[in-house]
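K.L.:
Dock chain to chain to rebuild the complex, using the hints, since each chain is given by itself in its own frame.
So you can see what is in the structure, the chains are spelled out below.
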Amino acid sequence: MEAIENTNRRKTRSGSGLTRRINRWGYFFVLPTIVILLVFRFLPMLSAAYLSITKYDLFTAPKLIGLGNYVALFQDQVFLQSVRVSAIYVVGSVVPVWIVSLLLAMLTVKAVRFGNAFRTVIFIPVVLAPVVVAVLWRFLYFEAGMVNTMLGYVGIPSVPWLTTPTTAMISIILIGIWRAAPYFMVIFTAGLQAIPIEYYEAGRIDGTNPWTEFWHITLPILKPIILLVVVISVITALKVFAVPQLMTDGGPAGATEVVPLHIYKTGFEFFKMGQASAMSILLFVVMMIFSIAQVRILSEPNR
Amino acid sequence: MTTARLYFGRRARASLPQLLIYLLLIVAALWAIIPVVWMILSSFKTMNTIFRVPLQWIPKPFYWKSYPEAWAQRNFAHYFLNSAIIAVTITVGNLFVCAMAGYGLAKYRFRGRNFLFLAVLSTLMLPLEVTMVPLFLVVKVLHWQNTFAGIIVPFLADPFGVFLMRQYILDLPDDLIEAARIDGMHEFGIFSKIVLPLVKPALTALAIFIFREAWNLYIWPLIIITSESLRPLTVGIALFMSNYGTDWNQLLAIATIAMLPMVVIFLMLQRYFVRGIVLSGMKG
Numbered sequence: 001m002e003a004i005e006n007t008n009r010r011k012t013r014s015g016s017g018l019t020r021r022i023n024r025w026g027y028f029f030v031l032p033t034i035v036i037l038l039v040f041r042f043l044p045m046l047s048a049a050y051l052s053i054t055k056y057d058l059f060t061a062p063k064l065i066g067l068g069n070y071v072a073l074f075q076d077q078v079f080l081q082s083v084r085v086s087a088i089y090v091v092g093s094v095v096p097v098w099i100v101s102l103l104l105a106m107l108t109v110k111a112v113r114f115g116n117a118f119r120t121v122i123f124i125p126v127v128l129a130p131v132v133v134a135v136l137w138r139f140l141y142f143e144a145g146m147v148n149t150m151l152g153y154v155g156i157p158s159v160p161w162l163t164t165p166t167t168a169m170i171s172i173i174l175i176g177i178w179r180a181a182p183y184f185m186v187i188f189t190a191g192l193q194a195i196p197i198e199y200y201e202a203g204r205i206d207g208t209n210p211w212t213e214f215w216h217i218t219l220p221i222l223k224p225i226i227l228l229v230v231v232i233s234v235i236t237a238l239k240v241f242a243v244p245q246l247m248t249d250g251g252p253a254g255a256t257e258v259v260p261l262h263i264y265k266t267g268f269e270f271f272k273m274g275q276a277s278a279m280s281i282l283l284f285v286v287m288m289i290f291s292i293a294q295v296r297i298l299s300e301p302n303r
Numbered sequence: 001m002t003t004a005r006l007y008f009g010r011r012a013r014a015s016l017p018q019l020l021i022y023l024l025l026i027v028a029a030l031w032a033i034i035p036v037v038w039m040i041l042s043s044f045k046t047m048n049t050i051f052r053v054p055l056q057w058i059p060k061p062f063y064w065k066s067y068p069e070a071w072a073q074r075n076f077a078h079y080f081l082n083s084a085i086i087a088v089t090i091t092v093g094n095l096f097v098c099a100m101a102g103y104g105l106a107k108y109r110f111r112g113r114n115f116l117f118l119a120v121l122s123t124l125m126l127p128l129e130v131t132m133v134p135l136f137l138v139v140k141v142l143h144w145q146n147t148f149a150g151i152i153v154p155f156l157a158d159p160f161g162v163f164l165m166r167q168y169i170l171d172l173p174d175d176l177i178e179a180a181r182i183d184g185m186h187e188f189g190i191f192s193k194i195v196l197p198l199v200k201p202a203l204t205a206l207a208i209f210i211f212r213e214a215w216n217l218y219i220w221p222l223i224i225i226t227s228e229s230l231r232p233l234t235v236g237i238a239l240f241m242s243n244y245g246t247d248w249n250q251l252l253a254i255a256t257i258a259m260l261p262m263v264v265i266f267l268m269l270q271r272y273f274v275r276g277i278v279l280s281g282m283k284g
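Heads up: the sequence lines are chains A and B, in that order.
So the first sequence is numbered by our numbering: it starts at 1 and just counts up by one.
So the second sequence is numbered by our numbering: it starts at 1 and just counts up by one.
Excised from the complex, chain B in its bound form (with noise of 0.2 angstroms):
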């Protein structure tokens, strides 16, 4: 980016009254945060206070163990560690399928290249919602129902991870791999030593961006999943509260704790996260 002066962002200056400013977008934060702070709030109280009128913000009496009774209901301790599995997995195989493949069509020359990255990008049209039911016959024929891999591999190529790895390594200096290659060093290797290391922040980016995808996998998994030894947490939560009876603390309980490891990644790494939302509407 150059240094051309901005007009937004830097030290801006009062042009709309700042009061009215403020205002509203205190308004929008209580419209964004309200809904997660009172379900976290009402995982505490008891199911006597939970729908008391008037509003009681502050649980009181303050009742932790629909925590431990929900976690004891089902087998959500398993179902959080295969989402884990689930959600690791298919976020290192893009890191290095995406950045492998963004090396490639960004630093070779080669016949199809073109076609190939347009491929690659004209697969953005092929969401899951639209290929379903297709996908599911193509997994079946492989017999990889109820199976990690039926769940994974699927999702290890992400057109959008090619797209931003490549945009990130064209502007790497084509001088630096040819320096490398000099040296006498092995293609795999320039990637994985030079390259990689160059694209760091590119690939934090792009960790978030598939693990939050992975973690939050819904619809898949519910079709390609029956057996409950696979069963991931978001599949696990919304048979929860299909199941009539289930009181809504511990429902509430067990979707905070769902809700916690993404939330506490989001606060400590928001700037990668703006970053690859940021580049997938421009160009970076």
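Extracted from the complex, chain A is given alone in its bound form (with noise of 0.2 angstroms):
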């Protein structure tokens, strides 16, 4: 990548004035997409930063009231609750899917034969609506429903999944699980089929197991990889808005209300638009640190 680069600025600084006039096509192609990422996705998010610092329910103008809108966040047990919410949601959703994606793609590269049928399986739960996923879920947590149904057969009395805070919460995060660790599992699995078999020869020299091949081979060379997933998913889970706002929607008592669909309360529910845009903005902050790993990631030239 950076032998074209070099080449191409190369050729702009001997360039003709034609050369330039060519280049001057670059700005046309890329103009459809500045100009909708400039007006759906920066002018928003500008519109918000001044928007929290205002009062505005809609209908009647915006008023200027400083800071106000950020302190009384701090003070709103509701969404102080929603930020614990949401934190013990990425970190009971996240840890289980990198154990259980990698587990997967190891599993299925390991395989002698069938690996990629049984990835395709496994993969089907990643291309459901987060509507269908709620459908199921709710069908098979019901009461009278498959999951208590089994668990009757082991002796085990019916638990009430979506309607205690606990077992709700629980809930959630298996059903994150469920859609994330395949998604994963694709990228982790990538990963190792790239891995070059001499790093093994090598070690077989060094005398390794399956065991030690695995926490001194595989996992050192992964370790971009792991990282990347590491980040999108906290992303994604920080993110995570459908399932449960059509699961329970965020309740028992708050008890699964997630800090996006706290913000879709407040501006859509409640019409706090400048308390809305505060949230936005603090949560555009936490994902700003992940996504800025993600980016630097995904630039870095010599991957």
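Heads up, a few of these hints could be off.
Stated by the list, open to error - To give an idea of the chain A side of the interface with chain B (calculated C-beta under 10 angstroms), a few residues: (1) 23; (2) 56; (3) 254; (4) 280.
To be verified - Simulated pairs of lysine-lysine, PhoX-like, Cα-Cα distance not exceeding 20 angstroms: (5) A:239 with A:265; (6) B:140 with A:63; (7) B:140 with A:265; (8) A:55 with B:140; (9) A:55 with A:265.
What the hints assert, rightly or not - Reference listing, derived: stretches of chain A covered by chain B, where coverage requires no fewer than 3 residues with Cβ under 8 angstroms from a Cβ of chain B: (10) 129 to 137; (11) 145 to 156; (12) 262 to 269.
Because the hints were derived from the structure by calculation, they are not lab data.
Every residue, glycine too, gets a C-beta built ideally from N, C-alpha and C.
P.N.:
In structure tokens, the structure reads:
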């Protein structure tokens, strides 16, 4: 990639007026993207920054109130609760996702045959719309549903999956793992399949077993991919909205009201646009920290 | 990719007992697929048998009428059509917009190019979950509430799509483009007649990636669409589900219908599906 950039640069520097005129076409090709992103991503974010320092109910003009919204947020028990809920969801779902997805990837590449077929089947949950996922799991978690019936077989009394705070959170986390693990399995698989055999042959000479091979060869080589999976999975978990909204609508008693869902309700059910904007900005800052890591990994030249 | 000999994936030797591997894989496959299979099978049960203990896998009696019954409950045919319009438009639009930007960023040297590329990538930090409130206000100012434009246009330039196309087009030889230029081909012609056909695999991967997101779109239409005539299937199902008296078998039937297009596309084109995801994680 660097080689390409270098030759291009040389060309421009020695370039004639014609080359420069041709290169101007670059703007033309980029224009639609830039306009759309400007209007529908940057502009909203700027207006959110502005609205976050106003009081705005959508019907009367925004009124400047300084940092009032932010101060209020840090005293708002409901908001702080949603931050806690999001934190629990992220930590609770993301760590199992890493382990399960790497394990699944290892298993499918180690299987002598049918690795691809297994990957195909395991991947299916990723394809489903959140709405379908919600219908499906509400059916399974229903008091008379399959999960409780199966528990009954082994003598466990039925669990009120979606109606007590703790079990509702566990239910949502389990769905999160079910949807995310196959996705990252695919990324890990590609990483594993790209490792040259020489590393392992070298290891053989040093007398490795599968266990040390995994810890001392596979994991270190996978490090950049693991990093990427960590970042993307955290961002994905921070963004979760549709499944909790459709499964429990944040309940019971706010136990599954993650931050994006709380923003949605504040904005579109209570029409507190200023407050909702302030929350959006805070969520953005948290996501930005992780996204910067992602962009840096993606734009690393020697990958 | 080089012809390096690889360790995994090629006739892997049994370094762990294969039996254990398959046992775990079967458990994983069941974990992934049983909920879906159970939903489909249950959609063919009657309300009398749907929660039967012990679990009954094969529906008896086989009751398929939940499908027409559910279909008739709401304007689902109309919602389905809306979803198709939205998903197809967003997909086709993205193919053009992202391929154009990817080409521009990969093959032209102009002032601010790197800055623009970084700006595009940085919008990955601005997902809908962050921008929904202010984006709603912007679209409201445009008077695009309750219009297809309001649902579609904000999603016509996917930053990841631009990244993917740029990455792919970077690998095309410059000589090819130069040769066409010397032949007197117009710059846009070079893009549409030379570049686009060469990046078909990337376009397919992108199309599937975007179509999945667009078909499954939920929060945004929920926010921006209040009129029933533009409602997509996802929102229609959500409302159907929140309706208290809804029968489970009908709900499952509708969910199965909504799921079908994606599952079929996935099974037919999984190679590309996987490629899109892999490219999101690494350089192609």
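K.L.:
If you take the shortest Cβ to Cβ gap from residue 254 of chain A to chain B, is it below 10 angstroms?
P.N.:
Residue 254 of chain A check fails; min Cβ-Cβ to chain B is 18 angstroms, beyond 10 angstroms.
K.L.:
Given as covered by chain B, does the stretch 129 to 137 of chain A meet the bar of three residues or more with CB within less than 8 angstroms?
P.N.:
With 8 residues in contact (Cβ-Cβ under 8 angstroms with chain B), the coverage given for the stretch 129 to 137 of chain A holds.
K.L.:
Regarding the pair residue 140 of chain B and residue 63 of chain A, is the alpha-carbon distance no greater than 20 angstroms?
P.N.:
19 angstroms, holds
K.L.:
Checking hints one by one. Is residue 280 of chain A an interface residue toward chain B, by the C-beta closer than 10 angstroms rule?
P.N.:
5 angstroms, holds
K.L.:
Does the interface hint hold: is residue 23 of chain A within less than 10 angstroms of chain B, judged Cβ to Cβ?
P.N.:
5 angstroms, holds
K.L.:
Mind checking the alpha carbons of residue 55 of chain A and residue 265 of chain A for me, to see if they're no more than 20 angstroms apart?
P.N.:
Given that 20 angstroms is the threshold and the Cα spacing comes to 16 angstroms, the pair holds.
K.L.:
Verify the interface restraint on residue 56 of chain A: the C-beta must sit less than 10 angstroms from at least one C-beta of chain B.
P.N.:
9 angstroms, holds
K.L.:
Is residue 239 of chain A close enough to residue 265 of chain A, meaning Cα to Cα at most 20 angstroms?
P.N.:
The given pair, whose Cα atoms are some 15 angstroms apart, holds under the 20 angstroms limit.
K.L.:
Check whether three or more residues of the stretch 145 to 156 of chain A sit with their beta carbon closer than 8 angstroms to a beta carbon of chain B.
P.N.:
That given contact holds, which follows from 6 residues of the stretch 145 to 156 of chain A lying within Cβ reach (below 8 angstroms) of chain B.
K.L.:
Examine the stretch 262 to 269 of chain A: at least three residues should have C-beta closer than 8 angstroms to a C-beta of chain B.
P.N.:
holds (count 4)
K.L.:
Keeping to a limit of 20 angstroms between CA atoms, is the pair of residue 55 of chain A and residue 140 of chain B held or broken?
P.N.:
Given that 20 angstroms is the threshold and the Cα spacing comes to 18 angstroms, the pair holds.
K.L.:
For the pair supplied as a hint, residue 140 of chain B and residue 265 of chain A, is the alpha-carbon distance within the 20 angstroms limit?
P.N.:
18 angstroms, holds
Comparing the model with each earlier hint shows a violation of hint 3 alone; every other hint is respected.
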